[in-house]
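Here the protein sequences come in this chain order: A and B.
So the first sequence is numbered by the UniProt record's numbering: it starts at 1 and just counts up by one.
So the second sequence is numbered by the UniProt record's numbering: it starts at 1 and just counts up by one.
No wet-lab data here; the hints were simulated from the structure.
Everything numeric in this text was worked out from a predicted model, so none of it was measured.
It cannot be assumed that every hint is accurate.
[Said to hold, decoys possible] In the BS3-like style, the derived pairs of lysine-lysine whose C-alpha atoms are separated by at most 25 Å in a straight line are:
{"id": "1", "chain 1": "A", "residue 1": "Lys29", "chain 2": "B", "residue 2": "Lys110"}
{"id": "2", "chain 1": "A", "residue 1": "Lys259", "chain 2": "A", "residue 2": "Lys96"}
{"id": "3", "chain 1": "A", "residue 1": "Lys31", "chain 2": "A", "residue 2": "Lys181"}
{"id": "4", "chain 1": "B", "residue 1": "Lys58", "chain 2": "A", "residue 2": "Lys32"}
{"id": "5", "chain 1": "B", "residue 1": "Lys58", "chain 2": "A", "residue 2": "Lys96"}
{"id": "6", "chain 1": "A", "residue 1": "Lys167", "chain 2": "B", "residue 2": "Lys58"}
{"id": "7", "chain 1": "A", "residue 1": "Lys31", "chain 2": "B", "residue 2": "Lys189"}
{"id": "8", "chain 1": "B", "residue 1": "Lys189", "chain 2": "A", "residue 2": "Lys29"}
{"id": "9", "chain 1": "A", "residue 1": "Lys126", "chain 2": "A", "residue 2": "Lys181"}
{"id": "10", "chain 1": "B", "residue 1": "Lys110", "chain 2": "A", "residue 2": "Lys31"}
[As the list claims (entries may be wrong)] Reference listing, derived: stretches of chain B covered by chain A, where coverage requires no fewer than 3 residues with Cβ under 8 Å from a Cβ of chain A:
{"id": "11", "stretch": "47-57"}
{"id": "12", "stretch": "100-106"}
{"id": "13", "stretch": "115-127"}
{"id": "14", "stretch": "142-152"}
{"id": "15", "stretch": "165-179"}
{"id": "16", "stretch": "206-220"}
Even glycine gets a Cβ: it sits at the ideal position worked out from N, Cα and C.
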Amino acid sequence: MRQQAIVGRPQPDNRPLPKRGRLHEAKRKLKKNWMLYVIIFPPVVYFLIWHYWPLYGVQIAFKDFMPARGIMASPWIGFDHFERYFNSFYFWRLIKNTVGISLYGLLVGIPLPILLALMFHELRFKRLRGLAQTISYAPNFISVVVAGGIILFFIRPETGVLNAIVKAFGGESINFLAEAKYFWHIVVWSDVWQGVGWGSLIYFAAMSGISPDQYEAAYLDGANKLQRIWNVTLPNILPTIVIISILSMGNILNVGFEKILLLQTGTNASASEVISTYVYKSGIQGAQYSFSAAIGLFNNVVTFILLILVNAFARRVGNTSLW
Amino acid sequence: MLENVKRTRLDQALDAVNTAVLIIVILLIAYPLLFVVIASLSDPVAIYNDPLRLWPAKVNFESYKAVFDNKDIWQGFFNSILYTTIGTLVNIVMTTLAAYPLSRRDFYGKSAFTFYFVFTMFFSGGLIPSYLINKQLHLLDTFWVMVLPMAMSVYNAVIMRTYFQTNIPQELEESAHVDGCNDFQILYKIVLPLSVPIIAVLVLFYGVGHWNSYFHALVYLQTRDQFPLQLILREILVQNQFKDMVGATMVDERFSERMAVMEGIKYAVVIVSSLPLLVIYPMMSRFFKKGILIGSLKG
């Protein structure tokens with residue numbers, strides 16, 4: 001798609017302007033649209049203060065930050081915080097939980113919305129479809145706290161809904177939250193509950209855009225329904241699948257930690273401590289600013305590299321990419 | 001999808017299975033929400049002893065009464081409405097200010113500005129540096145810390161810019177220019193009135209985001225009077241703390257019954273906190289498809 005766009009565009013005049021002419025040209029354009037720069041000024045200032053200033057503040061990861069002396073005047077100590085982090089016993093636990101929950105989430109969280117969108121797309125009753133879609137989006141708009149509360153209604157020992165079902169079948173009540181082995185499942189499947197409907201919307205929209213001619217041609221060639229799905233629908237939504245997957249792969253280290261923080265207890269910590277919850281606890285609660293900033297920076301760098309790698313891979317293999 | 005063709009036996013069977021499975025899936029998605037509604041309207045003790053019900057047991061509104069009698073919840077509700085309205089207003093203004101110039105083809109330096117914004121989507125300083133900067137700006141524990149640090153999202157600005165580019169004819173803006181409108185007047189008098197659908201979608205996205213967030217407040221607020229509803233909810237739903245709540249409704253009853261009443265209050269508080277969304281959601285849902293379609297067309 002990118003390639004075509006470039007070919008289709010009229011070739012710009014490549015002759016270099018004389019230096020003074022170019023400067024003059026830029027000046028003229030700036031003057032003509034000066035009000036646009038006034039309009040965009042507030043957002044520029046906002047990003048400068050709340051996005052670029054923190055980027056500059058990241059240097060405390062390499063410093064021994066002292067609140068009294070400020071970011072600039074605190075002494076440099078190099079990679080000490082990073083070394084301490086890599087050598088600590090919880091390092092591998094954090095990595096294991098973060099990557100584990102993320103990968104598990106991707107494994108079910110990428111295919112299920114596609115499947116649901118296919119089911120909506122194939123449904124023959126329009127009214128039922130509209131109603132079903134509206135219901136399926138609803139959990140997406142519930143807050144994390146409320147979702148956490150509802151999860152607890154379902155999984156609490158003895159009187160929770162799940163345990164009522166377990167007991168109805170003659171089983172013993174299970175304390176799901178207290179046992180580390182259930183934690184990943186709770187987090188991932190409650191995410192599916194909240195996100196599968198909303199996630200299907202983008203695929204459904206892509207499917208609605210497929211020309212009926214393609215289905216007719218396939219039909220005339222004798223393709224049955226499954227073959228039409230496989231050979232017409234799926235290839236058409238493949239670019240969408242790739243883009244969504246790249247974005248989620250890039251976020252492997254940024255697992256949705258708000259819910260994890262809510263559901264975390266002392267007994268499930270071995271499965272529930274992820275990088276972001278640790279940064280919050282040691283940084284904000286424990287006031288170890290430099291150390292936590294170092295962990296956060298490590299996270300960002302890895303995320304950034306992952307995104308570039310996955311994107312390059314998708315570009316080579318699937319001819320689709322983010323940029 | 002093909003509508004008017006003869007379906008083979010296999011096709012018919014597939015359609016039937018698809019319909020059946022889809023109905024089951026939708027019921028599964030809906031059940032947790034339905035359960036909370038049923039439980040909130042039930043006698044707390046009855047639902048506590050037997051949660052598997054499809055209809056409220058001994059309908060009563062005691063749980064709701066307990067919720068409405070609670071001062072913390074009212075305060076939180078009020079605070080959340082304040083943060084959400086002011087926050088969303090700032091969001092929409094800032095997003096428009098960023099999106100409009102970027103949508104103009106003759107905006108010199110467009111790609112540089114785009115890079116300036118988009119870069120922050122992929123690389124950020126992280127929680128700790130942001131915290132220290134808000135601290136340095138003396139924003140901790142103030143009203144503005146709930147609004148300013150999240151003044152706009154790049155993603156939504158990109159959606160809006162794409163909408164401007166694809167849905168507003170360039171000729172319209174050019175002729176307004178010829179008629180003597182300046183850029184600000186074009187934005188205000190021509191572009192914005194034509195952008196109601198996208199503004200509605202963004203109001204919903206931003207508004208829901210403000211209403212639902214708790215972590216930001218957890219990090220930046222300390223005074224209880226300033227807590228948004230979600231922080232109060234967190235205490236009630238997750239940490240099982242009920243300030244003066246149970247004492248008011250329960251005097252001398254056994255422990256398990258007291259537990260049951262607490263659970264009843266939780267159900268009601270979930271419903272009450274979701275009310276604003278339940279009101280806004282149906283009004284906005286007709287814009288969803290449009291909004292997300294635009295979002296998926298990256299520019």
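A quick look at each hint next to the structure:
no.	hint	result
1	Lys29/A / Lys110/B	holds (12 Å)
2	Lys259/A / Lys96/A	holds (18 Å)
3	Lys31/A / Lys181/A	violated (64 Å)
4	Lys58/B / Lys32/A	violated (72 Å)
5	Lys58/B / Lys96/A	violated (48 Å)
6	Lys167/A / Lys58/B	holds (23 Å)
7	Lys31/A / Lys189/B	holds (22 Å)
8	Lys189/B / Lys29/A	holds (24 Å)
9	Lys126/A / Lys181/A	violated (42 Å)
10	Lys110/B / Lys31/A	holds (15 Å)
11	47-57	holds (count 5)
12	100-106	holds (count 5)
13	115-127	holds (count 9)
14	142-152	holds (count 4)
15	165-179	violated (count 0)
16	206-220	holds (count 7)
The structure fails to meet hints 3, 4, 5, 9 and 15 from the earlier list, while all remaining hints are met.
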